[in-house]
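J.: Listed below, chain by chain, are the residues.
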Amino acid sequence: MAVNESARSRPKLAVWKFASCDGCQLTLLNCEDELIPLAGAVEIAYFPEATRAMVEGPYDVSLVEGSVTTASDAERICEIRKVSRRLITIGACATSGGIQALRNFADVSQYRSIVYAHPEYVKTLERSTPISEHVSVDFELHGCPVNSSQLLEVLAAFVQDRHPRIPSYSVCVECKRRGAICVTVAHGTPCLGPVTQAGCGALCPAYSRGCYGCFGPQDTANTQSLADRLRVLGMDESQTLRIFRTFNAGAEPFRTESARHEEVAP
Amino acid sequence: MDDIRGMVLLLPGLQLLIDVLRESGWTVRGPTVRDGVVVHAEIESVDQLPAGVGDLQDGASYRLRERGDGAVFGYVVGPQGWKSLLFPSRELLWSGHRTGTEVDVEPADVDAPRLALLGVRSCDLHALEIHDTVLAKRAVPDAAYLSRRENTFIIAVTCSDPGGTCFCVSMGTGPVPDKDFDLTLTELVDQEGHRFLVQPGSDRGEHVLDELMTRAVGDEVLNAARTDRCAAALVGSKAAQRMGRSLDTDGLRDLLYANAEHPRWDDVASRCLACTNCTLVCPTCFCTSVEDVSDLSGTQTERWRVWDSCFTNDFSYLHGGSVRPSVRSRYRQWATHKLASWVDQFGTSGCVGCGRCITWCPAAIDITAEVGAIRSGEG
Ligand code: SF4
Ligand code: SF4
Ligand code: SF4
Ligand code: SF4
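Protein sequence lines correspond, in order, to chains A and B. According to the numbering used here, the stretch in the first sequence is residues 377 to 642, in order. According to the numbering used here, the stretch in the second sequence is residues 11 to 389, in order.
Quick caveat, the hints were computed from the structure, so don't treat them as lab data. Treat the hints with caution; some may be incorrect.
[Claimed, not checked] Okay, the calculated bits of chain A under chain B, using three or more residues with CB under 8 Å as the criterion:
1) 454–466
2) 526–537
3) 545–552
4) 590–599
5) 613–625
[Stated by the list, open to error] Examples of chain A residues toward chain B, derived with CB under 7 Å:
6) Gly433
7) Cys558
8) Arg605
Even for Gly, the Cβ is constructed at its ideal location relative to N, Cα and C.
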């Protein structure tokens, strides 16, 4: 029996936001040429950033941006999981806790009293945590922000019921494929490329800058060896601590590496 | 030596060579400086060449230096190699379109420009020969590689100033080009002036030399004198004495096979970043993977071939997991393939001693040192 494509109902897509800067959702909105085909392939059922029309759940796929930083976040993500057939987290916040996970290394009540005029109004958890610490996640798309082609690939894979083609090897692979000059070897510039997952197309090295690790750890991240090399390039313990403690500070290999330098940093 | 035809070009003569090649429909690709590195790019004028530029190479370190002699081939190999021109890092294989239940598959057009490669070093000539064996002489040749390879004109050059990570002498691949070129140059900078001894290696090369003789209007192209030939021979023999690295190849294949469980593999694994740089800069590594890309509607699809590396986890992914999850097994695969199983597979070593994997490894891992440690029994 032939499948009538147009009669088959489109999968319902929802886009949710937790503690984040909206950059990853904007990446989706910035896929200008692909937005119309996307709207043809899926029904954009819940996406407050883009449209006020809201279709009730359950949803076939939920994209989740942001980390869990409050008790109500922690409850809300459980509700979202219940109404989502597939749940995909997008961006450094959702996959590793984001830049706001820097609080995990400090005393939140101290921060709160310094930053806010009325700290007693601010209800927040001690730690900023990735979505996967709260509910099961079907796929994690890394990046700060995520790469638009990768996001479309993940959605296409979902629609076509196949595994997304998102490599987990290092940024160096993309760096060499595009013929960029290695900034570490040729200029002595520290670069996190060897321990960072590909996805950006080696954007920074292509502009003669070291990689900042926006896409989080690659699947085989030897951070300890890289830290040894960073020392050779002139970074002291506190600089090494800081370079591992940015957007993906909460990602396990980066977290342990930064902690290793905390013990010895002045 | 004297029986081989030889001519001497002054710098304007080298320009004439470039002009003649360009007029015959060749795009000349040669050395130039970009971002602090000698890379290759399209060359129209000798002014683009890296005049007076040398390089200092060591593990994880590459810096340019001022030579003070105006030599244009006074550097050695950079990160790129010629691999990316003949075997691109990303290549479309075919695209497909679905209409209803019909699928049309269209093979990709092969882009095979006529390229004249200027300044090819002896190690890289041997690497090209290896790629010819691996890619073109197998049961089903790589048609795109073959058509690009047939469209290359090679102007080799003798290395005068080997780099800190070079070891072609150990591998028997240099520093003097001995085959597979159309023309070969030796740059001379001495009291007689700055000039190039040029010799042919093919009929095509001979024709180009004839053309140069006809076109020369002054003394920019001359017949080589005996003194030029002697000076040129010395360039190669002196370079051979000054290799930055060496590798004892005696019984190497059996040594590596016998030491598959050597503790040195654990030691190198603690330093290796599994970043893939060594394989991607290596002029003989040929591993690729295919990527299928489809649009959202699933009607348009493309199959791309991209460079891959045995240092990635997914490289050895079979159903259920990776065969080489540990970095130890990946580094051992690389070193053993290059220096041992390559011999069984293709009849030669897979390493030509260019030193790129040493210079461009961000962790300064040196294949000659790792293998040396295994030979000496160090842990
Ligand atoms: S510049 Fe960075 S990403 Fe590129 S090869 Fe070097 S270390 Fe890797
Ligand atoms: S293994 Fe290293 S030295 Fe040998 S050919 Fe490859 S890059 Fe050059
Ligand atoms: S060393 Fe690795 S990447 Fe290179 S040819 Fe062998 S298996 Fe392929
Ligand atoms: S040997 Fe060096 S270049 Fe090769 S994967 Fe390991 S760290 Fe990277």
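J.: Could you run down the list of hints and mark each one as holding or not?
T.: The hints, checked one at a time:
1. Here's how the segment 454–466 of chain A fares: 0 of its residues keep a CB closer than 8 Å to some CB of chain B, so the rule of at least three is not met and the hint is violated.
2. Only residues whose C-beta sits within less than 8 Å of a C-beta in chain B count toward coverage, and the segment 526–537 of chain A has 6 of them, enough to reach three; the restraint holds.
3. Taking a C-beta to C-beta cut-off of 8 Å, the segment 545–552 of chain A contributes 5 residues in contact with chain B, enough for the three needed, and the coverage statement holds.
4. Requiring three or more residues with a Cβ within less than 8 Å of a Cβ of chain B, the coverage given for the segment 590–599 of chain A holds, as 4 such residues are present.
5. With 0 residues carrying a beta carbon less than 8 Å from a beta carbon of chain B, the segment 613–625 of chain A misses the three-residue requirement, and the given coverage is violated.
6. About 22 Å separates the beta-carbon of Gly433 (chain A) from the nearest beta-carbon of chain B, more than 7 Å, and the hint is not met.
7. Annotation: Cys558 (chain A) was flagged as interfacial toward chain B, and the flag holds, the nearest CB pair being 6 Å apart, inside 7 Å.
8. Interface hint at Arg605 (chain A): satisfied, since its Cβ lies 6 Å from the closest Cβ of chain B, which is below the 7 Å cut-off.
Checked against the numbered hints listed earlier, the structure breaks hints 1, 5, 6; every other hint is satisfied.
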